[in-house]
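If you're matching them up, the sequences are chains P and A in order.
Under my numbering, think of the first position of the first sequence as 1, with each following residue one higher.
Under my numbering, think of the first position of the second sequence as 1, with each following residue one higher.
Just so you know, not all the hints are guaranteed correct.
Under the rule of at most 30 angstroms between Cα atoms (straight-line distance), these lysine-lysine pairs were calculated in the DSSO-like manner [unchecked claim]:
1. Lys194(P) to Lys234(P)
2. Lys98(A) to Lys76(P)
3. Lys179(P) to Lys252(P)
4. Lys76(P) to Lys69(A)
5. Lys270(P) to Lys98(A)
6. Lys98(A) to Lys160(P)
7. Lys104(A) to Lys76(P)
8. Lys199(P) to Lys267(P)
9. Lys179(P) to Lys76(P)
Stretch by stretch, here's where chain P covers chain A in the computed footprint (C-beta under 8 angstroms, at least three residues) [said to hold, decoys possible]:
10. 38–46
11. 49–59
Partial selection, computed: residues in chain P whose CB lies under 8 angstroms from chain A [unchecked claim]:
12. Gly37
13. Arg70
14. Gly71
15. Asn73
16. Arg106
17. Gly140
18. Glu141
19. Pro142
These aren't lab readings, by the way, just hints derived from the structure by calculation.
Fair warning: this is a prediction, and the values are worked out from it, not measured in the lab.
Glycine included, every Cβ here is placed at the ideal spot set by N, Cα and C.
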Amino acid sequence: MKHVITTISTLAILAITLPAFAHFQMIYTPESALNRGGRIPLAIVFTHPFEAGHTMDMGRPEQFFVTRSRGENIPKKTDLLPMLKPMTWTSLTNSGAAYETEYSARGGDHIFCLVPAPYYEGEEDAYIQQFTKMIVNVGGEPGAWMEPVGLDCEIVPLCKPYDRWTGNVFQGKVLFKGKPVSGAEIEIEYLNHKPLLDKKAFAKEASATAPQAAFVLQTIFADDNGVFTFGIPKAGWWGFAALGIDPEGSFKGKACSRDAVIWIQAKDMK
Amino acid sequence: MKFKLSVFIFAVMLFGFFLTPAAQAHTPLCSCYDNGDGTVTCEGGFSDGSSAAGVEMHVEDGSGKVLFKGKMNEDSEYTFDKPAGDYKVLFDAGEGHKITVNGKEITE
Chain P
1 MKHVITTIST LAILAITLPA FAHFQMIYTP ESALNRGGRI PLAIVFTHPF
51 EAGHTMDMGR PEQFFVTRSR GENIPKKTDL LPMLKPMTWT SLTNSGAAYE
101 TEYSARGGDH IFCLVPAPYY EGEEDAYIQQ FTKMIVNVGG EPGAWMEPVG
151 LDCEIVPLCK PYDRWTGNVF QGKVLFKGKP VSGAEIEIEY LNHKPLLDKK
201 AFAKEASATA PQAAFVLQTI FADDNGVFTF GIPKAGWWGF AALGIDPEGS
251 FKGKACSRDA VIWIQAKDMK
Chain A
1 MKFKLSVFIF AVMLFGFFLT PAAQAHTPLC SCYDNGDGTV TCEGGFSDGS
51 SAAGVEMHVE DGSGKVLFKG KMNEDSEYTF DKPAGDYKVL FDAGEGHKIT
101 VNGKEITE
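Isolated chain A (complex conformation) (with noise of 0.2 angstroms):
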């Protein structure tokens, strides 16, 4: 029994040696752009190069109010309309991958 419950641990530990550095070469990436008409996008994607299609974003006021809430499109972008005062984006795309980005950083 001893022996099998190392046997695990080993096992455990390998799994977690293997999915540390997948984890590590997969940074989530969102830059926001201010279009100057009115409007930013955001771009997401991943250092490896794979898509954020599908992410899921929300744009929220000074107080933590959700003003829109949509989804990276088909070429991991999201384009809202630039909110009158202080705002932040979230890209979330799961535990470990999330980004804000500060409304009075996004310029053109």
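Isolated chain P, as found in the complex (with noise of 0.2 angstroms):
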């Protein structure tokens, strides 16, 4: 009888633990810091960015817009859903419906906005919704990156996400609604194989190696004001999720986790 309630605990804890894994919702470019105005590519993968591994088939997302400001212009928003083309990109174990499009970008702060379907994670029989936010800059002109967009499930940056030099710390501010979530659970990933656009795939080599699988998926906790720090060790994409911050979040009647993210770009000082 005692093997069998632990074994039942045993499989109880494994259930709760392996969802663990990072999904993580990509809003990709090469480049978010250009010095000049022009077409830019936009890769949506839903996908575990560290090992370039397990990509999820993404939904048709319920919202993708781009709020552009430069200066003290106010904010101008513009609907990119109808641009959206879906793509299958190519992990190192799978592939997975995604999405891409182009932007023409001008001078200013391009804030690009997703709110993708929720998705069913049928290991955990929940729903898995991610906010996401990836800001890029032209021309060096900054804009409104540090005000909230109105998302429901929000990272604000309190730095500016693209002018982040290796070794420097990147701050943002979780909100919910607009409020600020306290002690919210953030894990951090390190975009470790370059997304090749052309293949639609990622590149075999990794840049960086786990020493255990604790470094894979970094995590850390906001403070009471829903403000989080976290210093940047190496140049490139770094993602910050923060976790199911709606408490009562739930979709077709079962649980969903909603939760915020933010792209940062850091580069090596030369």
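Please assemble the complex out of the two chains, which come individually in their own frames, going by the hints.
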């Protein structure tokens, strides 16, 4: 009997632990700080970025838009949902339904925002929905990068997300419906395999090796004001996901982890 | 008197010290785009995010003749009809805050 209980509890713990593999919603473009405007590619992939692992099939997103702002001008919102084209993204282990588009960027800040369709995670019998932001600047003129866009689940950057040197810290504030989320749990992953947009696949070569599983997915917590701080150890793209910040998140009668994600890109001082 | 002069020089140096970084943190920016409909739009601003509304704009042809003269609007934008030949755009926000954009570099 004792064995049965142990087995059941082990299974239960496994069931709770396994889904801790970080799913990360990506909005990817090669360069977040452009000198000149022009057409930029965007890839929208739901994946495991550090290991370029299992890529989930995305449904048609609920929202995809950009707010553009320059200097003191009022930000202008443009719906990009009609521009999204389905594609198949290949990871190192599988391939999954994803989206792509191109965007014509002029000067200032462009805050790309994605509200994906809730994703059903069979292992958890629950849904995941990651509200994702990625910010591109053209020409160095800042806009409203620090202002909330108004997503239900949102990370607002407290540092310019496109001007970080390697070794700088990145600070963000986690908001749920505009209110700070005290003690939010934040998972962090490095985009460790270069996305090859022409092949719609991750490069096989990794740029960093994790000495142990804990390093694949780093975990930190926000303070009482919902503010978190992370020292950036390496140039490249870093993703931050504040998990399950809607205490009543549900979809189709099942639990739904509604998360806030932001991506930043750091550069080496050379 | 000598003492007063040195105090004055020190004050000038101190003033210069505080003045310089402020100027550096305020780089003028101007980018122009061919709208593809026979017009060109220039967007101006400063690296600290301050507005360029009211900044003087000139468009000159290859020989330096002024084709258009105007000002950045409320949104720090200036739109003009694209000249047929060589041209350049001048963003003039005062001494040390001038930018020239060559028409050849203006694309969609």
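Here is what the structure says about each hint:
1. Lys194(P) to Lys234(P): holds (14 angstroms)
2. Lys98(A) to Lys76(P): The hint holds at about 28 angstroms.
3. Lys179(P) to Lys252(P): OK: Lys179(P) and Lys252(P) at ~25 angstroms, within 30 angstroms.
4. Lys76(P) to Lys69(A): Since the Cα atoms of Lys76(P) and Lys69(A) sit roughly 28 angstroms apart, the hinted pair holds (cutoff 30 angstroms).
5. Lys270(P) to Lys98(A): holds (28 angstroms)
6. Lys98(A) to Lys160(P): Given pair Lys98(A), Lys160(P) holds - Cα atoms ~26 angstroms apart, limit 30 angstroms.
7. Lys104(A) to Lys76(P): Distance of about 29 angstroms is within 30 angstroms: holds.
8. Lys199(P) to Lys267(P): Holds: Lys199(P) and Lys267(P) sit about 25 angstroms apart, inside 30 angstroms.
9. Lys179(P) to Lys76(P): Distance of about 23 angstroms is within 30 angstroms: holds.
10. 38–46: With 3 residues in contact (Cβ-Cβ under 8 angstroms with chain P), the coverage given for the segment 38–46 of chain A holds.
11. 49–59: holds (count 4)
12. Gly37: This hint holds: Gly37(P) lies near chain A, its Cβ roughly 6 angstroms from the closest one there, short of 8 angstroms.
13. Arg70: With a closest approach of 6 angstroms, the Arg70(P) hint holds.
14. Gly71: holds (4 angstroms)
15. Asn73: Holds, because the Cβ-Cβ distance from Asn73(P) to chain A comes to roughly 5 angstroms (cut-off 8 angstroms).
16. Arg106: Status holds, d = 6 angstroms.
17. Gly140: With Cβ-Cβ at 5 angstroms, under 8 angstroms, it holds.
18. Glu141: holds (4 angstroms)
19. Pro142: Holds, about 4 angstroms.
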